[in-house]
Every structure is written in C-alpha cells, then in structure tokens.
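> Each chain, letter by letter, is given below.
Number of protein chains: 2
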Amino acid sequence: MDTFDAVKTRLTVRSFKPDPVPVAVLEKILEAARVAPSSRNLQPWHFIVVRERSMLKEIGSIATSGKFVADAPLAIAIATDNADRPDLDSGRALQQMELVAWAEGLGTCFVGLRDETQNAKIKKLLGIPAEFDLITVLPFGYRTDDIGTSGSKKNRKALSEIAHSEKFGVPYVGQAPG
Amino acid sequence: MDTFDAVKTRLTVRSFKPDPVPVAVLEKILEAARVAPSSRNLQPWHFIVVRERSMLKEIGSIATSGKFVADAPLAIAIATDNADRPDLDSGRALQQMELVAWAEGLGTCFVGLRDETQNAKIKKLLGIPAEFDLITVLPFGYRTDDIGTSGSKKNRKALSEIAHSEKFGVPYVGQAPG
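Listed in order, the protein sequences are those of chains A and B.
Take any residue in the first sequence, count from 1 to its spot, add 145: that is its number in the numbering used here.
Take any residue in the second sequence, count from 1 to its spot, add 145: that is its number in the numbering used here.
Misleading hints may appear alongside valid ones.
Since the list gives no way to pick one copy over another, a pair counts as held whenever it fits inside one copy or between any two copies.
27 angstroms max Cα-Cα, derived DSSO-like pairs, lysine-lysine [stated by the list, open to error]:
| id | residue 1 | residue 2 |
| --- | --- | --- |
| 1 | Lys202 | Lys312 |
| 2 | Lys268 | Lys302 |
| 3 | Lys269 | Lys299 |
| 4 | Lys202 | Lys162 |
| 5 | Lys299 | Lys173 |
| 6 | Lys162 | Lys212 |
I should point out that these hints are in silico values taken from the structure, not numbers from a laboratory.
If you're wondering where the values come from, they're calculated on a predicted model, not measured in any experiment.
In isolation and in its complexed conformation, chain A is listed as follows (with noise of 0.2 angstroms):
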C-alpha cells in the first residue's frame, strides 16, 4: 500500500477477526519498530509480543482502556529503559508499526495506560523491570470488515485550524512568501 495512502485511510481499530497474525507479518511490524528513528538514536526501546490467550486476556482485564486486547489474536507491548523522551521515541516507533500493520489489513488501537496501578499490574505480568516506562499495549489484528476501506470516518480539525503561515496566528496560504 502506497505510504500517503495507508496515512490517509488509517483508521484506529478495537475490533479484530480472531485470525492469528502470520509471522511475517508480525515481524514486519516489529521491523518497522527497529528501525525507527530516536532521540540521539539511543533506541531505548523493548518491545513484548503477546500471543498466550491469557495474558491476552489478562492485560484486557487490568487495562480499563483497554479491555479489547483481551480479543485480539496478538499484542505488542512498548516499555523503554532511560529514554532521553520516552514518548517521543515511542510515538515515532509505534505509528511505523501501526502504519506497516494497517498496509498489511490489520489495525490497532493505542492503549495509553497512564492509570498508575495498572501500568504497575501490566508491568509485573509481563515481567518488565520496574524503572522502565510502560508506554502502551498495542493490540494487533485484521480488521474486520466494516472498517478501513475509507478515512472517511476520521473527525478531525480543519487545515486552516491548525495551520499557520511564518507566525502563530497567520493563516497558513499555500503559496510561499516573497
């Protein structure tokens, strides 16, 4: 799938067929995860792929955000170890993964867990050591049918909300100054 194609009908996804995610698929994602880019390219990054029904299920349960990782055939939890910007390097290394997912039909939904004792519960399940920061828990699978064929379902501001020209506060215009 085209790169501006699969940015423009992406769409965030809670609803996964129980099909498991084939290998290459999942390795795919976590190539895309490996390769991306972080602050002083410190890659300060691990991530835990879960596929055991019950942790699955588990982590679903803890999360209240969440609870539909307890459904999907696959997640990948992000936790990274004295990062200079942990969720900088984190966002930049999960929307890899999510766009390489969803050119491969699947679909995600980021999990924040910013809820202390569940981030702790998450952590001690997964075994992950206490001084790292737990980012999220993305669940991963094909999407189901109903979704994903358009961005037509994204509510999003406008252009002209958002951007601006030189200075905060100038309209952005499409030509250049000068």
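Given the coordinates of chain A, work out where chain B should sit on it, guided by the hints.
Coordinates of chain B only, in the frame set by chain A:
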C-alpha cells in the same frame, strides 16, 4: 512508495537541495499531520510553516542542534496546546509527516529543542504562546543524491536485543507458543 519500503529506507537527512518544496507536496505533509491519531483525539497540535529565508536562518542560528534548518527550503514547527501527552501525540504526527515526505523524495531531521532558552527564543520568534509546548522544528527539503537510495546506513540494535516473547527477558521466537 510502498509503506514498508518507506519505513525501511527512511534515513535522517540534514542537508537538502535548494529547490523549494512544491505546495502540493507541502500539503501532503500537512495532511499527514492533520489526520494523525492523538490521545483522546484532542488534536492538540499547531503546525507553523516557515519558508522565509530570514526566519529559517534565525531558527538555525538559535537551535544549536539544528543549524541545518538555516539551509532548508522549508521547516514546520510543531507546538501543542494543553496536550495530554505532548511528546506522544507529536511523535505520531511527525512520523507520518516524515514518512510521507520521504516517499516524495524529501527528508527531515528531528530537532529537539530541549534547551529551555533556545526553546523560548524560537517560540517568541514564531509567535507561539508561552504556555504551549514547542516540540520540534522539522526542516524539509529534497534530499541530495548521496542519501536515500538504501536503508543500509541505519545503525540499529538487532531484533534479539529488543524483542521478547510473552515476558521481558524471554527471547522473541517467531512461532507462537502453544
């Protein structure tokens, strides 16, 4: 360009051809930002498009880690307003911008503006409200011919160093358990 190919071949680019970035290409990059996912879909971001040479030079003279901005034909500053997770949302948007730009023959380099004095100076220059978070200024331009034909220059950890199966510390294996 295929999504996975863009992810695999993308490199950080710090020198650019002098050619201006066509409006149609700039607007694909802005669209990649606009449709990016964000925490609770708050879309807390603003994108300031900078094309005036004097502004680009001034940014390059302030940002010690981004002197090359001075010589780019375009830069886009990302600032967030009261975001839940400024770095995470910005990381997701900027990675979509970077990949779409790469697929169009352009390159960029994340410029962290962690030095508070420099950050404040650039906010002032760009008229960004003091209470916003200025995350980065991304230069964009067509990449020079000696870069970007392969991903071979990427220096990355091996998958075995960063991937785990079910629990941290358990080596990743391709085949699912059970």
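> Decide, hint by hint, whether the structure agrees.
Now for the hints, and whether the structure bears them out:
In this assembly of identical chains, the alpha carbons of lysine 202 and lysine 312 lie at most 27 angstroms apart only when taken from different copies (15 angstroms versus 49 angstroms within one copy). In this assembly of identical chains, the alpha carbons of lysine 268 and lysine 302 lie at most 27 angstroms apart only when taken from different copies (23 angstroms versus 35 angstroms within one copy). In the homo-oligomer, the alpha carbons of lysine 269 and lysine 299 never lie at most 27 angstroms apart, since the shortest distance is 35 angstroms inside one protomer and 33 angstroms across protomers. For a Cα distance limit of 27 angstroms, the shortest separation of lysine 202 from lysine 162 inside one copy, 16 angstroms, qualifies, whereas the shortest one across copies, 52 angstroms, does not.
Taking the shortest Cα distances, lysine 299 and lysine 173 sit within 27 angstroms of each other both inside one copy (26 angstroms) and across copies (16 angstroms). Taking the shortest alpha-carbon separations for lysine 162 and lysine 212, only the intra-copy value of 16 angstroms comes in at or below 27 angstroms, while the best inter-copy value is 48 angstroms.
In terms of the numbered hints stated before, the structure departs from hint 3 and from no other.
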